[in-house]
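Enquirer: Here is how the chains run, residue by residue.
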Amino acid sequence: MAPFEWRHARSTDPVALDDRARDNIRFIRETMERAGSFTAVPGWGGIAMGITALGAAVIASQQSSPSAWLLTWIAEAAVAISIAVWTTYSKARRAESSLFSGPGRRFVYSFVPPLFVGVLLTLLLAHMGSTGAIAGVWLLLYGTAVVTGGTFSIRIVPLMGLCFMVLGAAALFCPWSWGNAFLAGGFGGLHILFGAMIAVKYGG
Amino acid sequence: MAAKTGAFRAAREEKSRRGAPGARVPETAAANFDRLIHERTRLAIVSALAVNPSLAFNELKQLLRVTDGNLSVHARKLEDAGYIGCAKSFSGRVPKTEYRLTPLGRRALEKYLDHMEALIHATRER
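First to last, the sequence lines map onto chains S and C.
Numbering-wise (my numbering), the first sequence opens with residue -3 and increments by one.
Numbering-wise (my numbering), the second sequence opens with residue 615 and increments by one.
Watch out, some of these pointers could steer you wrong.
List time: in silico SDA-like cross-link candidates among lysine to any residue, alpha-carbon distance up to 20 Å [stated by the list, open to error]:
1. C:Lys725 / C:Phe647
2. C:Lys675 / S:Arg18
3. C:Lys725 / S:Arg18
4. C:Lys675 / S:Gly100
5. C:Lys675 / S:Glu26
6. C:Lys725 / C:Leu657
7. C:Lys675 / S:Glu29
8. C:Lys725 / C:Arg714
9. C:Lys725 / S:Ala88
10. C:Lys725 / S:Asn20
11. C:Lys725 / S:Ile21
12. C:Lys691 / S:Tyr85
13. C:Lys710 / C:Val680
14. C:Lys725 / C:Glu693
Distance ranges between label pairs, derived from CB positions [said to hold, decoys possible]:
15. S:Ser173 / C:Arg714: 51 to 57 Å
16. S:Arg90 / C:Gly683: 22 to 28 Å
17. C:Arg714 / S:Arg25: 16 to 22 Å
18. C:Gln676 / S:Pro62: 45 to 51 Å
19. S:Phe112 / C:Glu653: 41 to 47 Å
20. S:Thr147 / C:Arg649: 33 to 39 Å
21. C:Arg738 / S:Cys170: 49 to 55 Å
22. C:Asp728 / S:Val108: 20 to 26 Å
23. C:Asp728 / S:Arg89: 38 to 44 Å
For the record, the hints were derived by calculation from the structure and aren't laboratory data.
Note that beta-carbon positions come from the ideal geometry of N, C-alpha and C, so glycine has one too.
Make the full structure from the sequences, and use the hints.
Expert: Now the structure itself:
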C-alpha cells in the first residue's frame, strides 16, 4: 500500500526521490558497517605470520621425533601470536580505534574460545601419542576462530577462516604424514594470500 | 512528532490506508516522514548506535568525524525525542558520556528504512 500512496504523493519528481532514498539507505549501511565492524585485522601481519610458518615447516620437517616436530610448531605459534597481537594493536591505533571498543571486544571474545579448545586438544592428542592428528585439529580450530571472530569484521576475514577449516578437514582424513605440508599450506600459504589481499584492499 | 508513540502512529497509518489515497496521501506522507532522523549527522548517530550496545561521546565523534559542538547539539535533539539515552559518569576525573539507542529510537530507524524502501519500490513499479 505504501508504495501506491507514495506514487501519488510525489508523482512530480519520482526519480530524484528514488535516488535520494537509495542514497540514504546506502549511507545508513555504510555507517553501520564502519561502526559495527572490527577493521584492525592486519594484512602485513598475516604475510609475516605466513613467512615464519613456512620457515617453521622447513625446520619441523627435519625433526626426527614427533615431539620435536610438535615443539617446533608450538614455538612458531608463539611467534605468530606475538606478530598478530603487535600488528593488530598498531593497526587499531593507526585507525584511532580501540581494540577494546565494541567491535574489537566482540572480535576477541569470539576469537579466543576456539583457540582455547585447540590448546586443550593439543595436550590430549600429544598425551595419547597421536601427534599426527594435531595438524588437522589446529587448522580446523584456527579456522573456526577466524570465522566466528570475522563475523564482526570485513567479509574477507571469515572467508579466510572457511579456507582454513576446509584444509583442516582435509588434513584430518589424509595420511597424517602430510600434516606438515597442510600446516605449511594453511598457516603459511593462506596467511600470505589473504594477508596480501587485506593489506592491499583494506589499508595494511 | 517524535514524542508520538508507535501505537498512535500505527493507528494513524491504518486510518489513512483505508481512506481514499489521493485525498489522504500528502498528510500521511508528512506524518510518516521523520525529519528528526533524516538529518545526516543524526541519521549517522542512530545508525552507529544501532550496531553497538553503547558508544562513548569520543568514540562517536571519531567514528562520524564531527566536531564536539556538532555532535552534542544533534545528540541532544535525539535525546530530547527519546531516541537515544545518555549516561554521564566519571572515569577517574574525566567526565564520560555514554550513548545508547532506545527502543523508540530503534523503531524510528526501522520505520525510516521502511519508508526509504517503499520509495524505491514505488518508483520501480512506475
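Enquirer: Any hints this thing doesn't respect? Which numbers, in order?
Expert: The structure breaks hints 2, 9, 12, 22; every other hint is satisfied.
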